[in-house]
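Colleague: First to last, the protein sequences are chains A and B.
Our numbering applies: residue 16 is where the first sequence begins, and numbers increase by one.
Our numbering applies: residue 457 is where the second sequence begins, and numbers increase by one.
Derived by calculation from the structure, the hints in this document are not laboratory data.
All values derive from a computational prediction rather than experimental measurement.
A couple of the hints might just be wrong.
Derived contacts from chain A toward chain B, CB cut-off under 7 Å, selection only [said to hold, decoys possible]: (1) S80; (2) M134; (3) Y211; (4) M217; (5) D219; (6) I221; (7) I227; (8) S459.
Glycine included, every Cβ here is placed at the ideal spot set by N, Cα and C.
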Amino acid sequence: MTTTTRQDIDLMAHLMRRAAFGATLDELEQKAAKGYEETVEELLNPGDPGDLSQDAIRRYHVDHSELRQMNSAAGNWLYRMITSKNPLEERIALFFHSLFATGYTKLNQARCLLNQIDMFRQRGLGRFDTLLVELSRDPAMLLWLDNNESHNGHINENYGRELLELFSMGIGNYTEDDIKEASRAFTGWTLGNVEYMAMRAMKDSIWPYSRIAWHFQYRADDHDEGEKTFLGESGNFNGEDIVAIICRQRATAEFICTRLFQFFAADRVDDDGQAAIDEMIDSYFASEYEIGAVLRTLFNSDYFKSDAARYARVKGPVEYVVGAIKTAGSYRQPTLGIDKVAEQAFFMGQGLLNPPTVEGWHEAEEWIDSGALVERVNFVANELADTSQPGVKAIIGKLADANGGTLTPDEVVDNCLDQMGAIAVSDSTRGALVDHVGEHGNLSLSDDSSEQRVGELLGLIAATREYQMA
Amino acid sequence: MTTVTKSGILTYDRTLGVAAMDARGFYYAVALAFRSDGRLFVQGRSHDGDTRGARITVMDYDSGYYGDFGSYGSGDGQFTWPTDIALDSEGNVYVTDEYLQRVSVFDSDVNFVKKWGTQGSEEGMINGPSGIECDADDNLLIVDHNNNRIQKFTRDGIFLKSFGSEGTAEGQFNLPWGLRVAPDGQIYVADWRNDRIQRFTSDGEFVAAYGESGDGEGQLYRPASVEIDDAGYMYIADWGNERVQVFDPDGGFVQLLKGQATTSQWAQEFLDANLDENRARSESDLEQYHLLTTDDPHEVASQIETIFWSPISVRFDSEGRLFVLERNRHRIQVYAKSM
Numbered sequence: 016m017t018t019t020t021r022q023d024i025d026l027m028a029h030l031m032r033r034a035a036f037g038a039t040l041d042e043l044e045q046k047a048a049k050g051y052e053e054t055v056e057e058l059l060n061p062g063d064p065g066d067l068s069q070d071a072i073r074r075y076h077v078d079h080s081e082l083r084q085m086n087s088a089a090g091n092w093l094y095r096m097i098t099s100k101n102p103l104e105e106r107i108a109l110f111f112h113s114l115f116a117t118g119y120t121k122l123n124q125a126r127c128l129l130n131q132i133d134m135f136r137q138r139g140l141g142r143f144d145t146l147l148v149e150l151s152r153d154p155a156m157l158l159w160l161d162n163n164e165s166h167n168g169h170i171n172e173n174y175g176r177e178l179l180e181l182f183s184m185g186i187g188n189y190t191e192d193d194i195k196e197a198s199r200a201f202t203g204w205t206l207g208n209v210e211y212m213a214m215r216a217m218k219d220s221i222w223p224y225s226r227i228a229w230h231f232q233y234r235a236d237d238h239d240e241g242e243k244t245f246l247g248e249s250g251n252f253n254g255e256d257i258v259a260i261i262c263r264q265r266a267t268a269e270f271i272c273t274r275l276f277q278f279f280a281a282d283r284v285d286d287d288g289q290a291a292i293d294e295m296i297d298s299y300f301a302s303e304y305e306i307g308a309v310l311r312t313l314f315n316s317d318y319f320k321s322d323a324a325r326y327a328r329v330k331g332p333v334e335y336v337v338g339a340i341k342t343a344g345s346y347r348q349p350t351l352g353i354d355k356v357a358e359q360a361f362f363m364g365q366g367l368l369n370p371p372t373v374e375g376w377h378e379a380e381e382w383i384d385s386g387a388l389v390e391r392v393n394f395v396a397n398e399l400a401d402t403s404q405p406g407v408k409a410i411i412g413k414l415a416d417a418n419g420g421t422l423t424p425d426e427v428v429d430n431c432l433d434q435m436g437a438i439a440v441s442d443s444t445r446g447a448l449v450d451h452v453g454e455h456g457n458l459s460l461s462d463d464s465s466e467q468r469v470g471e472l473l474g475l476i477a478a479t480r481e482y483q484m485a
Numbered sequence: 457m458t459t460v461t462k463s464g465i466l467t468y469d470r471t472l473g474v475a476a477m478d479a480r481g482f483y484y485a486v487a488l489a490f491r492s493d494g495r496l497f498v499q500g501r502s503h504d505g506d507t508r509g510a511r512i513t514v515m516d517y518d519s520g521y522y523g524d525f526g527s528y529g530s531g532d533g534q535f536t537w538p539t540d541i542a543l544d545s546e547g548n549v550y551v552t553d554e555y556l557q558r559v560s561v562f563d564s565d566v567n568f569v570k571k572w573g574t575q576g577s578e579e580g581m582i583n584g585p586s587g588i589e590c591d592a593d594d595n596l597l598i599v600d601h602n603n604n605r606i607q608k609f610t611r612d613g614i615f616l617k618s619f620g621s622e623g624t625a626e627g628q629f630n631l632p633w634g635l636r637v638a639p640d641g642q643i644y645v646a647d648w649r650n651d652r653i654q655r656f657t658s659d660g661e662f663v664a665a666y667g668e669s670g671d672g673e674g675q676l677y678r679p680a681s682v683e684i685d686d687a688g689y690m691y692i693a694d695w696g697n698e699r700v701q702v703f704d705p706d707g708g709f710v711q712l713l714k715g716q717a718t719t720s721q722w723a724q725e726f727l728d729a730n731l732d733e734n735r736a737r738s739e740s741d742l743e744q745y746h747l748l749t750t751d752d753p754h755e756v757a758s759q760i761e762t763i764f765w766s767p768i769s770v771r772f773d774s775e776g777r778l779f780v781l782e783r784n785r786h787r788i789q790v791y792a793k794s795m
């Protein structure tokens with residue numbers, strides 16, 4: 016049995032900030048004892064999520080059952096993120112939600128959007144070609160990018176264009192003719208009862224008996240059976256053939272690996288980062304386009320483990336909110352207010368199921384402007400200052416067990432930083448936190464005000480620059 | 457398979473209601489109850505983003521509409537998570553609220569009278585009141601679901617007795633939901649997470665349990681509500697399986713209903729006023745089972761509009777017609793007995 020070092024804990028904390036939504040010190044110690052690569056494999060090979068059951072959620076939250084409204088569906092997803100034992104499934108779904116951004120405002124179909132998210136969860140760590148075919152059949156995507164209006168002899172290029180530009184290769188790697196030919200290949204890929212469903216979506220109609228969830232229909236009688244030439248290859252291509260050709264391209268590998276790198280490793284790509292991306296590209300081809308294999312290469316790379324990658328990403332609002340809630344231990348049971356949490360994430364700049372455009376969110380530093388920062392700090396301060404929440408209580412309990420329940424300001428700060436997930440802060444940040452605690456002297460857990468002081472400190476830590484980063 | 461029974465098999469009759477945020481119609485309706493004059497009281501609920509569902513719609517079998525009352529909130533006469541509704545012999549209305557931990561009382565003219573309830577686990581306290589029924593003596597039986605027990609109160613909220621505890625043994629519960637007092641005074645409880653119906657004497661003594669977990673005939677998954685006829689047949693809102701089942705008095709399977717909704721009068725009036733939607737709807741096949749890629753009943757029900765989706769409350773009217781309330785479709789399917 017190996018001995019767990021402080022470096023092991025810090026590295027595990029780094030991995031869990033990226034591949035999960037953070038972890039408590041107890042969890043980090045358990046995972047570090049198990050080993051880094053073993054933990055990576057657990058993340059990549061999820062089992063039963065063991066999340067809060069949909070039966071329970073649907074019983075109490077009526078619209079989590081019907082899933083008519085955007086915030087209800089977003090709240091439903093938040094429950095999953097908060098309670099799932101498979102955090103990487105949720106992170107990869109969040110990644111593809113931004114990459115293949117599909118939004119409620121045009122569709123008025125929250126259930127279908129959440130079904131798309133579930134497809135990302137199911138397929139997101141598998142083969143990229145399989146995922147792209149599923150995406151092309153996805154009812155929400157079909158209507159979002161107007162493929163329901165692309166017909167044999169009268170193509171609508173919207174989906175074909177974005178498939179190449181935003182979803183797989185990036186601009187400059189194909190021609191306008193390739194877009195047209197791809198669009199021809201996807202004719203006939205539509206929804207059942209498409210006219211009625213599109214009309215209801217456009218009119219935001221819930222009448223007479225509320226939404227009817229969509230399903231895919233392939234209309235052979237509306238598919239262009241003619242010869243097509245796409246990226247230099249010719250044949251009577253259907254949509255699956257187009258995806259197969261796309262996934263063979265070097266540009267596709269570079270595109271998807273770079274986006275994965277930026278989501279999981281660092282906002283900016285330097286030379287060392289590019290070397291890691293090159294390794295990911297090799298894995299992409301060696302594994303026949305398997306995203307899980309690409310991520311395994313990334314997580315086990317020297318770059319990912321290096322100091323350069325630590326705190327090199329700005330947390331997106333959703334990962335920030337979910338991380339704070341997991342620390343607080345709230346929303347583990349159906350609770351009035353979860354939909355408002357989704358709304359809070361929107362105020363911070365990331366409305367789940369409501370990306371601003373088909374390009375998704377502008378991430379990195381753009382997550383944080385002054386307004387978004389205020390929203391962030393206020394939310395987590397309230398969440399973590401609630402000493403009735405089980406996660407906060409647990410941290411207080413840990414402090415009570417330390418040094419007989421009486422701690423110096425330095426000890427309080429160091430313990431809280433550790434309990435919140437082995438958070439490393441600068442000397443100046445730590446000094447400010449210690450000064451704040453020190454205003455009232457040592458902390459004795461037997462004092463009436465002690466729990467409130469701890470809650471305040473947790474909120475302050477969540478407001479630090481370091482906590483905004485992952 | 458259907459079996460002709462002493463109580464007769466059920467045949468589809470009609471659909472009532474329409475989705476509506478305000479006034480005529482329902483918005484996440486969760487419970488129904490009849491007044492002695494045949495008027496139907498339909499309790500609606502809300503979700504976090506839209507509070508307009510928290511009201512009681514009053515209507516009848518012929519789609520007559522008589523207004524609504526109640527609203528969202530925590531004040532007098534308001535609801536946050538209303539769960540069930542009951543009427544006593546004088547037409548007073550009782551509504552449980554599992555978030556506010558109380559019972560709200562309205563008189564027969566639907567004016568707010570009072571509210572009562574104290575959160576806790578001691579006798580007479582409640583934690584998550586859900587199903588509510590008025591017995592022949594005008595006492596109230598309440599499913600105190602987070603305490604896994606049934607409690608009996610006077611109409612004024614004076615505690616009388618309780619029975620049940622958490623567990624899976626006979627007479628124990630796991631988050632029970634609806635209940636019904638049978639014509640003979642026995643008490644039937646939808647023992648939600650134990651996937652069964654339990655029967656008790658009027659004094660709370662365990663008599664029998666019916667059903668087991670599953671999706672086959674005679675099996676249940678998260679039952680929400682139960683109705684009993686004079687012969688002791690059980691009509692069960694098999695909520696988690698998105699269907700209604702009929703059991704004989706010994707628990708034997710009799711009939712399975714999956715739902716076959718048609719256009720209600722209120723729905724038709726909407727379609728008559730929206731001709732483009734009416735035309736597109738009439739040209740659609742709303743039962744495209746061949747295109748489904750799932751057999752999850754919840755997902756199937758979300759895509760096939762005619763079948764039950766979240767059947768949550770079942771009640772007979774005075775004519776012996778079974779009303780099945782569907783929370784997610786905002787409507788009621790009515791079934792009549794055919795001898």
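Colleague: All hints, please: hold or fail.
Modeller: These are the hints, each one checked on the structure:
1. S80: holds (6 Å)
2. M134: violated (11 Å)
3. Y211: holds (4 Å)
4. M217: violated (10 Å)
5. D219: Where the cut-off is 7 Å and the nearest Cβ of chain B is about 12 Å from A:D219, the hint is violated.
6. I221: holds (5 Å)
7. I227: Interface hint status for A:I227: holds (5 Å vs cutoff 7 Å).
8. S459: violated (32 Å)
Consistency with the previously given hints fails for numbers 2, 4, 5 and 8, ordered from lowest to highest.
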